[in-house]
Each structure stands twice: as structure tokens, then as C-alpha cells.
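K.L.:
Residue strings, one per chain:
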Amino acid sequence: MPVYEDVVCPFCGCLCDDIVVRVEDGRIVEVKNGCGISSSKFRNHHRNRILKPMVRKGGKLVEATLEEAVDELARMLVEADWPLIYGLSSTECDAISKAIELGELVGAVVDNTASVCHGPTILALQAVGESKATLGEMKNRADLVVFWGCNPTASFLRHMARYSVLPKGMFIQGRKDRFVIVVDVRRTGTARLADMFVKVKPGRDFELVQALRAVLRGYDLSVEEVAGVPMDTVREMAEKMKACKFGVVFFGVGVTMSPGRHMNVEALARLVRDLNSHTKFVMMPMRGHFNVAGANTVSTWQTGYPYAVDFSRGYPRYGPGEFWAVDLLARREVDAALIVASDPAAHFPVEAARHLARIPLAVMDCKVNMTAMMADVVIPVAASGIECEGTAYRMDGVPIRLKKIVDPPEGVLPDREVLEMVIRRVREVM
Amino acid sequence: MSVRVMLITGRTAKQGMTMEIGKTAEEYRRAVAVVELSPSDAEKLGVSDGDTVSVKTDVGSVVVWCKVSKALDEGVAFMPYGPWANAVISSHTRGVGMPQFKSVEVEVSPAPGMDVPTLEDLVQMLRG
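Line by line, the protein sequences give chains A and B. The opening position of the first sequence corresponds to residue 0 in numbering that gives the first Met the number 0, with each subsequent residue numbered one higher. The opening position of the second sequence corresponds to residue 0 in numbering that gives the first Met the number 0, with each subsequent residue numbered one higher.
Please keep in mind that the hints were generated in silico from the structure rather than gathered at the bench. Each hint should be verified, as a subset may be incorrect.
What the hints assert, rightly or not - Using C-beta positions, here's what the derived DEER-type ranges look like:
{"#": "1", "chain 1": "A", "residue 1": "P258", "chain 2": "B", "residue 2": "D120", "range": "44 to 54 Å"}
{"#": "2", "chain 1": "A", "residue 1": "R46", "chain 2": "B", "residue 2": "S108", "range": "27 to 37 Å"}
{"#": "3", "chain 1": "A", "residue 1": "E67", "chain 2": "B", "residue 2": "E119", "range": "20 to 30 Å"}
{"#": "4", "chain 1": "B", "residue 1": "R29", "chain 2": "A", "residue 2": "P229", "range": "35 to 45 Å"}
{"#": "5", "chain 1": "B", "residue 1": "G59", "chain 2": "A", "residue 2": "E224", "range": "29 to 39 Å"}
What the hints assert, rightly or not - Restricting the straight-line Cα-Cα distance to at most 25 Å, the calculated cross-link-like pairs of lysine to any residue (SDA-like) are:
{"#": "6", "chain 1": "B", "residue 1": "K13", "chain 2": "A", "residue 2": "G227"}
{"#": "7", "chain 1": "B", "residue 1": "K13", "chain 2": "A", "residue 2": "L192"}
{"#": "8", "chain 1": "B", "residue 1": "K43", "chain 2": "A", "residue 2": "G227"}
To be verified - Computed footprint of chain B on chain A, listed as stretches where at least three residues anywhere in the stretch have a Cβ under 8 Å from a Cβ of chain B:
{"#": "9", "stretch": "40-48"}
{"#": "10", "stretch": "118-129"}
{"#": "11", "stretch": "358-370"}
Built from N, CA and C at the ideal position, the CB exists for glycine as well.
Same shape as in the complex, but just chain B:
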């Protein structure tokens, strides 16, 4: 079971506040390793707040916590800026320096029992 949605990445107040505690703080991971889904997309997947889901593109995939948001239309998802979201964002900038951090087509599927990576896990992933 999966849904294809348009991912928007962006700022949240919690992301800003926890970033100032520190990127290695658990509060930061809890605030940023999250994907917000519309109620209807969450229902299709059978997931609710706090469940783990996998977000995937051709670039990569990442496991994050789900949060259901009434602010989103069906087919639109949101992730706070940060290394979890960037695990699925392409580095291609179409020659203008700016990656496409918004309007990215992603596949979201339930990931029961899977761990949300820590910052250390993501560092290891980058180091190979």
C-alpha cells in the first residue's frame, strides 16, 4: 500500500526552536523527522499520528513519523527542512543553483516497526 503525493518542504516554528537547542537534540529529531499527510491520504495508508512511514523518490528513501494535517489537500504532503527531508530531494538545480525543495513527487508507504534514523545514522549514510 502506498500513495503518490506532492511533497512540499518548509520551515516550522518547532523546527526553528529545536534547532536552536541543537541538531543532536532528540527534540530536533522529533520535530523534523516528520511527514505531514492529509487526512484522506493517511486514511488510505491506514496510518495516524506517530506511526512510521517511508518516504521515497528516485534519489533515496527515509523513514519518518507521520502527522495528519487538516491544512493539506489530498495529494499534498509536507516535511520540515532538514536532513530527513533532504534524503529524498534531488541535487539537480536545472542550472540555477537551487534544488527543487518543493513540489516533489514522492511515494509514501506505511513502515511499521521501522526505526526513524538518528542524525548519527544519517551521517553514516552520507559517509557510505
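Pulled out of the complex, with its shape left as it was, chain A reads as follows:
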């Protein structure tokens, strides 16, 4: 009955690395230290699995050998004029690297899930810059923590306990030494734990940030409220932010998915920059998928760009507004798609998802999902961080090695090995 300690959880960008997993007869039977989602991921990794490669024939998905499925996928990509390779944030870095190599080979657009998550953050930080720190530094020093448009009690269940609110740090004695502010449109679980809850009207974050910046610069706005927030609250929040020794703004997709998108993050980055005239202040996007930060990092190493990279001219191009997966699908521009470790049919808006049903579609995934149900080629893969090792990047950009705990189902390979097979086959048929 092997017990694995210091296992890294491959669910969210926290990459908690203190999970204890007990294995019995090749099956995970106990998970300690993990949050509810982590525990569910480890204990249910074997359920609803894709176990055999499948190829659609006569309108139905039928079982195929891995070689047949790889052949079909290679043919699909080579025959396409402008294929899309998308996903990549829930797999490890070597697989991401191989997917980019494949994209270059077939002249594809290679995009990762950042485009529907913190894509606007990337755009904003490319424009403004970023004052940042590691989660460890924040744990040791931050005495003021702002959660803006994010709800770790629903999405990052141990974030507050491990890094941001509860833990003792070198210079912080725990919860009592931290002042916590939550800005959100609804009273979330995180808001209920805050010292100060600032309820902003939906879609009005930009105005609130700019009001804070104005107050910080000494302007007294002649209005009663901004974005639904009384000016007294705005002034109090500005004073708290100015007076702390080390402040941090954790922000989520409440900021990036709302009207204003990258403009909201730009304003927030400028607010953090302004605050550094008074004290030390940093910011951090709450990255959702466990390796979305890795997808951006690997893509940047290999192409110069973090996501939405087009290889149709034989060299990498990054065109904001042009090469994002949702836009390419909604405009019906791509004519084949390979989806790796993602489920855009479920997580893209309906018009973009509908185009996936119109074009040749291949999926590499561990589990049955909506995209796999629509696909023409389905290849099962090992679960990264459970059935194969690899590297992932935590939300603060720290690389962490994932462990292999159990064997994958018989004949099922890691993403990187399947992608290597596809690359070899593409080279043969091109």
C-alpha cells in the first residue's frame, strides 16, 4: 500500500504540493490535505474515462488502434488549410512544447485557454508592466490583501489557507495581521470572510479603479458614489491600501470577462503602480487551470508570444483580435481543430462551439467530455500529475515537478508521446 507524500495537485494554479495520496492495488483510495476539488480529481481520475482510441466512421465513433487514430489525425491536420490547435493548459509542459512544434509543422494557430481566462490580463500587462512577487513572498510579507473579481472559496479552495490570508509568514503572524478587502458584484464566500466588502455594480470595475486612483492622487471627486460604491468607502479603501506595508491585489476573471476586459486590468495595473509611490504593492492574476501559466510560458519560449500564435506563414505571428480560438471559430475561419486537454464545446459560447461541430475535429483527453462526443478522432491520454510526470507552472510563475502516482489504463500514453507520434506521422505524409 504505497503512500505518496508531497504530491502536487494538478487542478488549479495554486499547485498545492503537500498532498498525501494512498494507493491500493493500483487505485487511489485516500487523499489527504487536498481541497474538495483536489480530492475529487485524484479519487475520480479513473471514472468516465476514454479508454480506447476512436475514429468516426459512417457517422459513429468506432474503436480504432492508436496508430489508426494518429494516422487519421495527421491526415486531418495536413489536409486542412488553417487548422487550430487549442487547449494545453491542463497538461504538462513537454506536451505543450510538442503541440507548438506540431502547430508550426502544419501551419496552425496554436492557442491556449488563457484566451478565455486571463488573455485580457496578458494584453494589459504587456502594455503597462507588472509589479509582482511569488506566493511565498506574499505569505511572508503581505499585510493587506485585496481579492478583486475572484472568489477563492469557490475556485482556489486552499489559496487563502496556504498563501494569502491565514498562514503565518516570516513577518506576518497569520489572519490577525492581515486586512482583507474583497471587491465583487455579489457577497461570495470570500466576501463573507473579508474585513471590508466593496460591492461594485456589474461591469463597472473600471470606474471604481479610476476613482481609487483619483483619490490616491489627492482629488476629491464631487459625487456621492462611483460604480455603486459610496465615496466614503472609496476613500477608506484608498487609505487602507496606501497605509499598508506590503499590499497585494489578487484579481480574477470577474475583471477580465466583464465589459472593459483588458482595460479593467490595465487600470488595475496602473493603480498598483501608483500605490508603489506610497508603499510596496504587487498584483497577481488568479490562474485557473493548473498549467495555464505553463502554457503561456512555453509558448513564449518557443514562439515569442504567450498565446494565440499563428504559423500559417511559416513563422509565428501574434495578432490580437485575429488569432484567438473563439474569434477564429465564430468567424468560421479555421477548417480543422485538434483539442488537447480542454473542452471548448462546453466552455465556449454557443456560436463558436457550433463551428467545432462543422469541421474535422480531434480530441486528446483523459475523460469523456462534450468536445470528445462531437469529435471525429478521439485519443485517450494519461492524466498529467496522476498517471504521468511533467512540469507545471504555478500561478506566480514558479515551476513545480508533477509526480506519477499510478499507471494509466493499458495502452494509454501521455499527451507528449501521442503528440510525438502525430509529429512523426505528419512528417511522413507531408
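On the provided structure of chain A, position chain B as indicated by the hints.
P.N.:
Quick look at chain B alone, frame taken from chain A:
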């Protein structure tokens, strides 16, 4: 009878936990095919927890279960991320790649006796 509310889509812990069981699991549908309404909006519609309601925009409509939430102000609704919410979200990204998953004006009305679509139903809808 209907109300126009501002829809926010987002994560929930239950969505995360059931997704890891599998998207085809009934637990996932029960956790995700849901719209949370403020007590006053639910009262206006005469609906309570577990009733089926229709959520509609210019893009499409979907039937989901209602859940009344005191965390929401009147005029604000919440749906967990997933294919049910995305049935009413526009693919328009205003040139920045990101659809507007939050602050979307939707119309919610009671849908007594109507079925909440399964994942298979939604796949069929996409395939046309």
C-alpha cells in the same frame, strides 16, 4: 411573466468537484445546469429552489433549475460555467478574444414541466 436580470457566470466549488467525476455524470448536470436568482426576482417569477426556468438572450435560450441565493442583489443572476450557461453567451469578443461571460442581460421566465437538457441534448443542438 419574466424578469430581465444581469447574468454573471462563474466557478463554484460543486462545479469543480463534479467536473472531476466527469462531464457526463448526472452530478455535474445537477451542479451546473442551474441559475441562481435573488429572493426578490424569484418571488416576482413565483419560482423556488428546484423549479425549472428558461434563460434567454438574443443568442439562444436554455432551461435550467432555479436556485434562490441571498448573496445576489435584485436584478443580478448567477450561473456556473458550463455548456448550459454558454447556450446564452455571445461569441462576440470585441476584438480582444474574450467573450463577455459576465454582466450579460438575460430574460428569465418560469418553465414549468420543461426538461433540463442533458449533455447529449446539448451536443445534438450544436451538431444541428
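K.L.:
Work down the list of hints and note, for each, if the structure agrees.
P.N.:
We went through each hint and held it up to the structure:
no. : hint                          : verdict
1   : A:P258 <-> B:D120: 44 to 54 Å : violated, 31 Å
2   : A:R46 <-> B:S108: 27 to 37 Å  : holds, 36 Å
3   : A:E67 <-> B:E119: 20 to 30 Å  : holds, 26 Å
4   : B:R29 <-> A:P229: 35 to 45 Å  : holds, 39 Å
5   : B:G59 <-> A:E224: 29 to 39 Å  : holds, 35 Å
6   : B:K13 <-> A:G227              : violated, 30 Å
7   : B:K13 <-> A:L192              : holds, 19 Å
8   : B:K43 <-> A:G227              : holds, 24 Å
9   : 40-48                         : holds (count 5)
10  : 118-129                       : holds (count 3)
11  : 358-370                       : holds (count 4)
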